[in-house]
Structures are given as structure tokens and as C-alpha cells.
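J.: Work out the full structure: start from the sequences and follow the hints.
First to last, the protein sequences are chains A and B.
Using our numbering, the first residue of the first sequence is number 82, and each one after it goes up by one.
Using our numbering, the first residue of the second sequence is number 82, and each one after it goes up by one.
Rather than coming from a laboratory, the hints here were simulated on the basis of the structure.
Bear in mind that the values here come from a model prediction, so they are computed numbers and not experimental data.
It cannot be assumed that every hint is accurate.
Treat identical chains as interchangeable: a pair holds within one or across any two.
What the hints assert, rightly or not - Straight-line alpha carbon distances no greater than 25 Å define the calculated PhoX-like cross-link-like pairs of lysine-lysine that follow:
1. Lys300 x Lys164
2. Lys376 x Lys363
3. Lys398 x Lys164
4. Lys219 x Lys131
5. Lys369 x Lys159
6. Lys164 x Lys216
7. Lys159 x Lys216
Protein chains: 2
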Amino acid sequence: MTTKIHKSTLKEILAQVEAIDTDTLIIIADQRLWELYRNELPLDKIAGKKIILRTTPSGEGVKNFDEFASCSEYLLDKGVHRKAHLIAFGGGSLSDFAGFVASTLLRGIPWSVIPTTLLSMIDASIGGKTAINSKVGKNLIGAFHKPENIWLNVDFLNTLPEEELVNGYGEVIKYAFLNKDISSHLKVKKFDLNELIFKCAEYKLDLTEKDFKESGIRKCLNLGHTLGHAIEKIYSLPHGEAVFWGIALVLEIFQNGDFKSELKEYAKQLGIHERPVPWYKKTFPIDKIMNFISKDKKMLTKSSLEFVLVEKVGKIKYQSIPLDELEIKLESMKEKLSDYSF
Amino acid sequence: MTTKIHKSTLKEILAQVEAIDTDTLIIIADQRLWELYRNELPLDKIAGKKIILRTTPSGEGVKNFDEFASCSEYLLDKGVHRKAHLIAFGGGSLSDFAGFVASTLLRGIPWSVIPTTLLSMIDASIGGKTAINSKVGKNLIGAFHKPENIWLNVDFLNTLPEEELVNGYGEVIKYAFLNKDISSHLKVKKFDLNELIFKCAEYKLDLTEKDFKESGIRKCLNLGHTLGHAIEKIYSLPHGEAVFWGIALVLEIFQNGDFKSELKEYAKQLGIHERPVPWYKKTFPIDKIMNFISKDKKMLTKSSLEFVLVEKVGKIKYQSIPLDELEIKLESMKEKLSDYSF
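T.: Below, the structure is given as C-alpha cells:
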């Protein structure tokens with residue numbers, strides 16, 4: 082089964098959902114988004130099918146064991162079967178959650194996504210990684226379960242707070258480093274955001290189709306994520322923004338700033354080049370970063386980390402670094418990193 | 082990945098678990114069984130690996146959302162990674178549960194099973210169907226996740242209550258109808274139980290490898306299960322025993338008793354031919370059966386049921402029957418079914 086990515090208007094989305102070959106539609110929608118779009122995109126009014134609607138708390142708060150249990154029980158109680166089709170409507174947290182519900186309901190039913198944030202359009206909704214969070218860390222309970230359809234509609238971004246948009250730009254920049262075509266597109270003076278989103282989504286889809294269980298080439302998608310996750314946690318930053326700083330750090334630490342001008346150009350195009358570093362006017366937090374990395378057990382097989390580095394735009398390489406060496410390296414660059422700016 | 086079935090002594094099991102290519106072993110063991118075997122099979126004493134042991138409530142009680150959450154949180158807190166290997170030690174409920182935990186932990190880690198009941202040796206542990214229960218019904222939340230190893234050891238059956246053994250015989254008889262080789266083996270006067278178990282397990286494994294997601298040939302394994310599930314629920318019978326009566330009913334209702342003598346021969350060999358029907362001296366419970374079937378939404382796509390019938394030993398056929406026709410048929414046979422005996 083291959084995921085199909087559609088660029089669709091709201092009307093087209095509705096028609097395509099209606100055309101899904103099932104007699105039972107399960108809609109799992111982010112409560113806040115549902116209130117905004119229930120009239121423009123009345124998924125619960127589709128005729129000729131049984132519709133089960135479940136709205137959930139907005140954001141990351143939905144991704145826990147309790148919501149998983151209560152949502153599953155709710156759907157089962159309403160009556161579902163293996164050919165029911167589940168539609169996830171919301172951002173990345175919602176699709177992570179709803180996809181996990183789809184993957185375990187009756188041991189897996191088909192599902193599709195209508196992502197409503199930039200981050201979920203180009204990243205979270207693609208590739209079939211679904212999950213809920215554990216007390217120990219994020220996304221530690223989940224499944225690989227690919228959606229059948231992903232509907233992209235740039236209009237959803239209009240209702241998105243500025244910060245949410247910025248949040249997605251970190252991942253856009255990651256794709257620009259990974260893929261020459263995306264990089265070129267991003268450098269066009271007035272680029273077409275709709276097209277850029279579609280290119281990023283297709284690129285990720287292609288990678289994940291080739292490497293479904295994340296053993297090989299898909300690992301390049303971790304560019305900026307190792308240090309990014311630490312920064313995300315330490316400063317409670319949105320994921321995409323943390324990835325942006327994660328990329329900046331990797332380029333600075335392991336590549337002597339070779340790609341800094343490239344990064345700056347991308348950031349300028351997206352209008353985020355004037356954001357101060359999260360550790361602005363403070364010392365770069367080496368202790369906290371090392372502490373986070375040592376605790377983030379999922380990342381560690383033994384005691385070294387694999388970093389994704391940029392060889393040139395469109396080509397990446399890997400470098401494995403023992404934890405103690407990483408710490409020495411960071412210490413040696415402490416001053417330079419503390420003063421990082423464009 | 083193909084599951085390997087081993088016939089092993091306890092010592093061999095220990096050596097083979099020790100040889101698994103991982104630095105971290107997770108043992109999920111049925112509390113009662115663990116107390117019985119922790120000295121003879123000291124899985125927690127294997128040297129050179131990190132061992133995480135989690136014992137769980139015995140029986141079906143473990144298969145719920147709360148245990149799933151608390152077990153997953155426990156394991157994550159102890160520190161696991163994607164190459165950790167999970168060992169399930171116990172009966173069918175335990176392996177259903179532990180397999181589901183393995184399938185969702187870090188989006189899936191490898192696992193193996195040491196089944197301790199006849200039913201789990203020949204059925205539950207094989208084929209990768211894992212699950213927990215919902216309030217709405219059994220096994221409604223789960224995943225397909227194949228174990229790497231299944232270790233068969235007939236000695237575990239010695240500590241099994243007589244009823245548990247009888248419980249497995251229903252499934253043995255199912256296999257005898259499905260496979261000529263198993264049928265012949267079962268008819269040998271003093272058959273080798275160890276070998277019979279191995280044959281049943283290998284037969285099911287072969288079927289499930291060919292048809293992992295239960296779309297095609299694997300459906301033959303449902304022989305006796307449609308009515309069996311209803312009987313199981315109505316009389317609170319163990320699963321395997323209910324399957325035995327489910328088979329008897331299917332042969333009687335749809336096949337005019339053609340295979341009754343065959344069934345009787347199998348039952349005699351296993352020493353269960355003198356068990357009274359669950360509705361002994363009562364009217365055959367048509368209302369309750371129809372009521373159960375209508376509520377068991379998983380089984381129904383529209384309003385008809387697919388029954389597995391025996392064409393000849395070793396060959397099955399399918400018959401789809403609308404619910405209302407089934408009811409009429411049962412009513413017409415009410416007296417005959419009420420008086421059923423060998």
C-alpha cells in the first residue's frame with residue numbers, strides 16, 4: 082500500500098473522503114480545529130455512510146494512555162469493523178495519536194490524514210510513524226502504520242498562529258539541506274509555499290516508502306534532531322524551531338560553519354533570520370544537553386551518538402561520536418557557541 | 082522474518098534465550114508460572130545481559146488497558162532500546178498481552194514466546210496475533226507482530242490442571258479436521274503428545290506465514306469458532322472447550338452430522354468423549370446465541386456470517402449465511418440440538 086498525497090481544496094477533500102470505499106467513517110478531530118472547520122468541512126455530514134465522530138483535546142495532551150484507552154473504547158462501543166476507515170483531522174499530535182488508534186483498533190484499520198499545521202503537512206503525517214507519549218519520554222509507545230491518503234491544503238495555515246508557522250520552517254530548512262530541488266525552490270525570491278509544502282511532503286514520502294522501518298536512508302531525516310531534541314526540552318521550544326537550532330549547531334560544531342551562509346539564506350527567505358538563539362546572552366548549556374542525551378535512552382545503543390551531517394546540499398553523511406568526545410568538543414567550543422548568531 | 086519453533090528441554094530453552102543477539106532481555110512472565118519455574122528456568126539469572134523482569138496477573142485479567150499502560154511505563158522506566166528482546170512466559174493470555182507490549186514498545190521490538198499451556202503452544206502463541214481486551218469484547222485492540230522463537234516443552238503441561246489440558250484439545254481436534262497428517266497422528270492408539278503438539282504448531286505457523294494478515298487461507302482456523310465464541314460466552318467456558326462444541330455444532334447443523342463419527346474418534350483418543358454438552362438437560366439456547374452474534378460486531382461486515390465447514394478431512398469450504406436464515410435453521414433443529422450427544 083502506497084500513501085497518496087493530494088493537493089486539494091476543502092470541497093475536494095470532502096468529495097474524496099466521501100469516495101473512500103467503506104461504509105463506516107471514523108473521524109478523530111482536534112477539538113479546536115473541529116470547531117473552526119466543522120461548517121466548511123462537514124466530515125460528519127457525509128451521506129450514505131455511518132459516521133463516528135470523536136473530538137479530542139488539542140495538542141500534545143491527547144497523546145497519552147488514558148486518551149488512547151477512552152478513545153478506543155468509545156469507537157468500539159459505537160460499532161466498528163475492519164473495513165471502517167479512520168480520518169485524522171488536526172496537527173501532528175492529533176495524527177500521531179489517531180494513527181496509533183487506527184493501528185491497534187481490531188489489530189489495524191485503514192486511515193487517512195487531513196493535516197492542519199505546516200509541521201504535520203510536511204513531516205508528522207507522512208511515513209506512518211504513529212505514537213503516544215510515556216512518562217519517560219515522547220513517542221515511546223507506537224506503531225508503524227501508513228495512512229492511505231494525505232490531503233494538503235495550504236488554507237489551513239491561515240488560521241495558524243505565526244509561531245506555529247515558524248515551527249514548521251525548521252523542518253522545511255532540513256529538507257532544503259537534504260534535497261537540491263527543495264533548496265532551489267526555497268531560494269526563489271517569492272517562492273510558492275503551497276508548492277514548497279507539496280515538494281517537502283513528496284520528498285519525505287519517497288524516503289519513507291523506500292525505508293519503512295527507519296533502518297537505512299530514512300535516518301537522514303534526523304538532521305538537526307539529536308541536539309534539537311535537547312534544545313527543545315531545555316527551553317520548552319516547539320519541535321520545528323528546536324530542529325532549526327539543532328541544524329545550526331550541527332553545522333557549527335562538526336562542519337566549522339561551512340554551511341552557515343546557506344542556512345542564513347534559507348532563514349532569510351522564511352523570515353526567521355532575526356530570531357535570537359534560545360540561550361541568548363547566556364552560556365551555551367553543555368551540562369543540560371549532555372544530561373538530556375544520556376537520559377534519552379531511545380537514542381543510545383551503546384554510548385555513542387550518530388550525527389547526520391551535510392556533505393553538500395542534497396547529500397548527507399553520518400558520523401558516530403562517543404558521548405565523552407562530544408562533551409569535550411562542546412566544551413572546547415563553549416565560547417563560540419554561546420556567542421552564536423548570523 | 083520467519084518464526085522458528087523449537088522442541089527444547091528447559092536447559093536448552095535457557096541456552097537459546099542466552100544466545101539471542103541482544104544486550105537487553107525483557108521477561109514478561111505470568112506471576113503464577115514464574116513462581117513455579119523461576120528455579121528450573123532462571124531466565125532472570127542469564128549472565129552478560131541486562132535483564133528486566135515484569136511479572137503480571139495470571140490469566141485473561143492481564144489483557145486490559147491499565148496493565149498495558151503500567152507494564153509499558155515500567156519497562157521504559159527501566160531503560161530499553163529497539164534491539165532489546167522481549168520473552169513472554171506463560172499461557173495464551175500472557176503471550177497475547179506481552180506480544181502487544183512488544184509490538185508497541187518503541188514502535189515494535191523483537192520478541193519470543195515460551196508457551197506453558199497446550200492452547201498457547203498450538204494456537205495463541207503462533208502467528209503474531211497479539212491483543213488486549215476492550216469492555217466491548219475480547220481481543221479488539223491489538224497488532225500483528227510475529228515472535229522470532231517459540232519454544233515448545235511438553236513438561237509444562239504436567240503442572241497444568243486437567244481442565245486446562247482439555248481446553249487445548251478442542252483446538253487439536255480442529256487441526257485434525259484441517260490437516261490429514263495431524264488427523265492420522267491423532268488416530269494412532271498411543272499417540273505421542275509432544276509430536277502432536279509440534280505438528281499442530283508447525284501447521285498453524287505454515288498457514289499464518291502464508292497469510293499473515295488473515296485475509297485468505299488462514300480463515301480456515303475459524304472452524305468451530307463462530308458458534309464456539311457464543312457458547313464460550315453463554316456458559317463461561319474455556320476457549321478450547323467452547324471450540325470443541327463449536328465444531329460439533331457446525332458439523333451437526335450444516336453437515337447433517339456427516340463427520341460426527343470422526344469427531345467422536347478424536348474425542349475418544351483425547352479422553353473427552355464423555356463430557357456432557359454445556360446445555361445438558363436444557364433447551365439449546367438459540368436466543369442467546371443469536372443475541373451474542375448480533376452484538377459481536379467484529380464478525381459482521383453486513384448481516385451475514387461466514388462459516389467454515391469440512392468438505393473432507395484435510396479440506397474445508399466456506400458458506401455465507403444471513404443472520405435471519407441462521408436463526409430459522411437453528412429453530413428448525415432445536416429439538417435435535419437440545420438432545421445432542423455422541
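J.: Taking the hints in turn, state whether each one holds.
T.: We went through each hint and held it up to the structure:
Taking identical chains as interchangeable, the C-alpha atoms of Lys300 and Lys164 lie at most 25 Å apart only when they sit on different chains, with a minimum of 16 Å there against 33 Å within one chain. For the homomeric pair Lys376 and Lys363, the shortest alpha-carbon distance inside one copy (24 Å) is at most 25 Å, but the shortest distance between copies (63 Å) is not. Proximity of Lys398 and Lys164 under a CA criterion of 25 Å is satisfied inter-copy only: 23 Å between copies versus 42 Å inside one chain copy. For the homomeric pair Lys219 and Lys131, the shortest alpha-carbon distance between copies (23 Å) is at most 25 Å, but the shortest distance inside one copy (34 Å) is not.
In this assembly of identical chains, Lys369 and Lys159 lie within 25 Å of each other by CA distance solely across copies; the values are 21 Å between and 47 Å within a copy. In this assembly of identical chains, the alpha carbons of Lys164 and Lys216 lie at most 25 Å apart only when taken from different copies (21 Å versus 33 Å within one copy). Only between protomers do Lys159 and Lys216 lie at most 25 Å apart by alpha-carbon distance; the minimum there is 12 Å, versus 30 Å within a single protomer.
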